[in-house]
Amino acid sequence: MGNGTSIGRVRGLGSSHHGAQHWLVQRFTAIGNLILVIWLLASLAFMPGYDYATVSTWLAKPVSATAMILLILSTFWHARLGVQVMMEDYVHDHGLKFAALAALNVVPLAAGAFGVICVLRLALGAH
Amino acid sequence: MAQTHSNRPLSPHLQIWRWGPAMLVSILHRVCGNALAFGGLGLLLWWLGALASGPEAYGTFIHWVWTPEPDRAIQSFTSILGKIAIVGLTWAFFQHMVSGLRHFVLDVGAGYELETNSRWSIATIGISIVLTILFWAVVLLR
Ligand code: HEM
Numbered sequence: 010m011g012n013g014t015s016i017g018r019v020r021g022l023g024s025s026h027h028g029a030q031h032w033l034v035q036r037f038t039a040i041g042n043l044i045l046v047i048w049l050l051a052s053l054a055f056m057p058g059y060d061y062a063t064v065s066t067w068l069a070k071p072v073s074a075t076a077m078i079l080l081i082l083s084t085f086w087h088a089r090l091g092v093q094v095m096m097e098d099y100v101h102d103h104g105l106k107f108a109a110l111a112a113l114n115v116v117p118l119a120a121g122a123f124g125v126i127c128v129l130r131l132a133l134g135a136h
Numbered sequence: 105m106a107q108t109h110s111n112r113p114l115s116p117h118l119q120i121w122r123w124g125p126a127m128l129v130s131i132l133h134r135v136c137g138n139a140l141a142f143g144g145l146g147l148l149l150w151w152l153g154a155l156a157s158g159p160e161a162y163g164t165f166i167h168w169v170w171t172p173e174p175d176r177a178i179q180s181f182t183s184i185l186g187k188i189a190i191v192g193l194t195w196a197f198f199q200h201m202v203s204g205l206r207h208f209v210l211d212v213g214a215g216y217e218l219e220t221n222s223r224w225s226i227a228t229i230g231i232s233i234v235l236t237i238l239f240w241a242v243v244l245l246r
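Chain order of the listed sequences is A and B.
Under my numbering, the first residue of the first sequence is numbered 10, with each subsequent residue one higher.
Under my numbering, the first residue of the second sequence is numbered 105, with each subsequent residue one higher.
Keep in mind the hints are simulated off the structure, nothing from the lab.
This structure is a prediction, so every number in the text was calculated from the model and none was measured.
Hints are not guaranteed to be accurate.
To be verified - Calculated from the model, a selection of chain B residues having no Cβ within reach of chain A, i.e. all distances over 10 angstroms: (1) Leu148; (2) Pro172; (3) Arg176; (4) Val243.
To be verified - Derived list of chain A stretches under chain B, where covered just means 3 residues or more per stretch with a C-beta under 8 angstroms from a C-beta of chain B: (5) 78-89; (6) 113-127.
We put the beta carbon where it would ideally sit given N, CA and C, even for glycine.
Using the sequences and the hints, build the whole thing.
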């Protein structure tokens, strides 16, 4: 193993053994997205109206609230994995890459938590 | 190397390549996936946040992205952008969805013959456009 070029430093080390898991979870969450986003689009398409009362009453129902929370978990997890692949391809500066990957471990979690709280608030009887 | 006209494949090669449907669909999968991640999930959270905050916040959301209040010039502008973004995101979803399904087929090792591969690449775009039109037809004409 050399220590000169970047390829020389990693040659012979083999796989990091994280890739296959990432690839598989991307596909498992893709199946979740497929079912749940189609559910959301179909629900919206056939909604009798888009006024506050109609939409919030629909979302507060136990089945809709559950599906919406699952949708948030599945899409945010899938997006987090997918955006990581994009960043690994385009962000090469070590410092920026560290910042990007660090943000990727915080932002989707925080944003997803906010979404779940919003749904729970309606489902548990606000408004 | 002296040979000028060779039948050997050009790809994969960093500088010598030609556009093909599979390349376009591959790039669209990435662009649409990231548009959904940043734009789509962002909009979803804004919508859910507005719903959870009550009728007034929900009204504000609708005014900025879809139906402007009569006396708000800026909203008549943002509501046009909102419509473009929302219709665009539904197409991005269908495109990413259909090419994601194509990924599953390719993942099991099928569909790599040149003809078949090109045909299905083009088909993903046709199918996503048809699904987008169908969706909006149901929303607007129902
Ligand atoms: C609205 C929800 C969705 C979001 C936000 C999303 C986002 C993304 C992103 C950002 C990527 C990374 C693209 C790249 O640069 O390689 C990706 C990859 C992927 N998506 Fe989605 N996606 C969604 C729905 C779906 C659905 C419904 C399917 C399947 C039918 C799907 C299948 C895939 C597959 C198979 C990959 C991996 C592609 C590869 O390995 O190169 N996605 N997604």
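Status of the hints after comparison with the structure:
Separation of leucine 148/B from chain A is inadequate, the least Cβ-Cβ distance of about 7 angstroms not exceeding the 10 angstroms criterion. At roughly 15 angstroms, the least C-beta separation between proline 172/B and chain A is larger than 10 angstroms, which holds for a residue marked as non-interface. Interface exclusion of arginine 176/B from chain A stands, the closest Cβ pair being 19 angstroms apart, more than 10 angstroms. At roughly 5 angstroms from the closest C-beta of chain A, the C-beta of valine 243/B falls inside 10 angstroms, breaking its exclusion from the interface.
For a cut-off of 8 angstroms, the count of residues in the region 78-89 of chain A with a CB near a CB of chain B stands at 4, and the three-residue condition holds. Judged by the Cβ-Cβ criterion of 8 angstroms, the region 113-127 of chain A is covered by chain B as claimed, because 5 of its residues qualify and three suffice.
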